[in-house]
Amino acid sequence: MKEAGCLPNAVTFLTLIGGCVKGGQSQGVAARLVDEMVDAQCKPIPSLSSAVISACVALTKKEISQVCQKMSDLGAAIFSHVAKLLLQDDLDHQQVKETAVEMLGEMGREWGKVFKARFLGAVCHALWHQGLETRATIVLSCGMEASLVPLGTCVFEEDTWVLDLRSMSAGIAITIWWLWLRAIQKILAEWRTGGERQWEVSDLFPLLPPNVVWNTGMQHPVLSAESQTPGHGVSRSKDTDERVDQEGAPRGGKVVVRFSCLPTELVLVTGIGRGRGDEMDGGIGGMREVFQTELERVGSPFRVTTNRGEMSASLGAVVKWLRRSGPEITNTGARR
Numbered sequence: 001m002k003e004a005g006c007l008p009n010a011v012t013f014l015t016l017i018g019g020c021v022k023g024g025q026s027q028g029v030a031a032r033l034v035d036e037m038v039d040a041q042c043k044p045i046p047s048l049s050s051a052v053i054s055a056c057v058a059l060t061k062k063e064i065s066q067v068c069q070k071m072s073d074l075g076a077a078i079f080s081h082v083a084k085l086l087l088q089d090d091l092d093h094q095q096v097k098e099t100a101v102e103m104l105g106e107m108g109r110e111w112g113k114v115f116k117a118r119f120l121g122a123v124c125h126a127l128w129h130q131g132l133e134t135r136a137t138i139v140l141s142c143g144m145e146a147s148l149v150p151l152g153t154c155v156f157e158e159d160t161w162v163l164d165l166r167s168m169s170a171g172i173a174i175t176i177w178w179l180w181l182r183a184i185q186k187i188l189a190e191w192r193t194g195g196e197r198q199w200e201v202s203d204l205f206p207l208l209p210p211n212v213v214w215n216t217g218m219q220h221p222v223l224s225a226e227s228q229t230p231g232h233g234v235s236r237s238k239d240t241d242e243r244v245d246q247e248g249a250p251r252g253g254k255v256v257v258r259f260s261c262l263p264t265e266l267v268l269v270t271g272i273g274r275g276r277g278d279e280m281d282g283g284i285g286g287m288r289e290v291f292q293t294e295l296e297r298v299g300s301p302f303r304v305t306t307n308r309g310e311m312s313a314s315l316g317a318v319v320k321w322l323r324r325s326g327p328e329i330t331n332t333g334a335r336r
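In terms of our numbering, the sequence shown is numbered consecutively and its last residue is 336.
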């Protein structure tokens, strides 16, 4: 760039690194671009930091270590926490949580909620692809507690199970989608053997807060001790108070999902077009575009419906896909 008489800035590198990620060329190329950032002493902006994390998905541990060190040297101290999450093998649950909280605390006022959520999503995505699924879940949970992730995303209706991914960054949407698939596998496995038809949300979505699940209609949680209608219900145990937080989801106690039948259809709601702030989502494009690419990558049966903001698949097609894909589809062999 210098030879061409160009004076690169943060936006220049955001465009270049984002293009590498979108084109599947982030391995090596993005690392070299970070070297050029060091040469230019380019101070990273929030969206550029997210783009660099997105590029780390395709890098080796050695390359990730080098990139994080160089970004730290440029003044992005937050990358020391990212390196710890991605590279340090001996972290226990509490240490991962403390590191995630410290990482979120490192984000200054200039980041804003949108950029914080996008950086969080990029970290979750990188952790998942590095085989650190439990860490990704803990980081996601910290994001939920910090109000960076929408609540009530999983809806269990009688005929349809819905995952609402609107207002999410691409990385967060992909992480929640994998966890949703895991929950579905648990439910189906028990159903086939005539087992449990009632689940605590903490068992379906370990490590996540219970208000990740919403009841039918997505309007008001069922707070009674027993579900009042056939089909599915979300209820609170009798020995807990019945408070509702600002988002309308129950707080405290055990939240239970009851099933009387399996759905005929599974639906993913992505919304139409580019959401708020998606143009700066780590330089990799809008959530819907990135998420759809992920579905195609793993050969999922979900297809865009007549409502362009949704993708759906029959339960039977999803079951066949999960059986055919086996452990690979949910990273069963991934290190924790």
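In case anyone wonders, no lab produced these hints; they're calculated from the structure.
Values in this document were obtained by computation on a predicted structure and should not be read as measured data.
Even glycine gets a Cβ: it sits at the ideal position worked out from N, Cα and C.
Worth double-checking, as some hints may not be accurate.
[As the list claims (entries may be wrong)] Using C-beta positions, here's what the derived DEER-type ranges look like: (1) 32 <-> 11: 39 to 45 Å; (2) 134 <-> 309: 30 to 36 Å; (3) 188 <-> 89: 30 to 36 Å; (4) 80 <-> 191: 41 to 47 Å.
Going through the hints against the structure:
The hinted window of 39 to 45 Å between residue 32 and residue 11 is violated, with their beta carbons roughly 18 Å apart. Checked against the hint of 30 to 36 Å, the pair residue 134 and residue 309 passes, with Cβ atoms roughly 31 Å apart. Checked against the hint of 30 to 36 Å, the C-beta distance between residue 188 and residue 89 comes to roughly 33 Å, which is consistent with it. Our hint of 41 to 47 Å for residue 80 and residue 191 holds, since their Cβ atoms are close to 45 Å apart.
Taken one by one, the earlier hints fail for this structure only at number 1.
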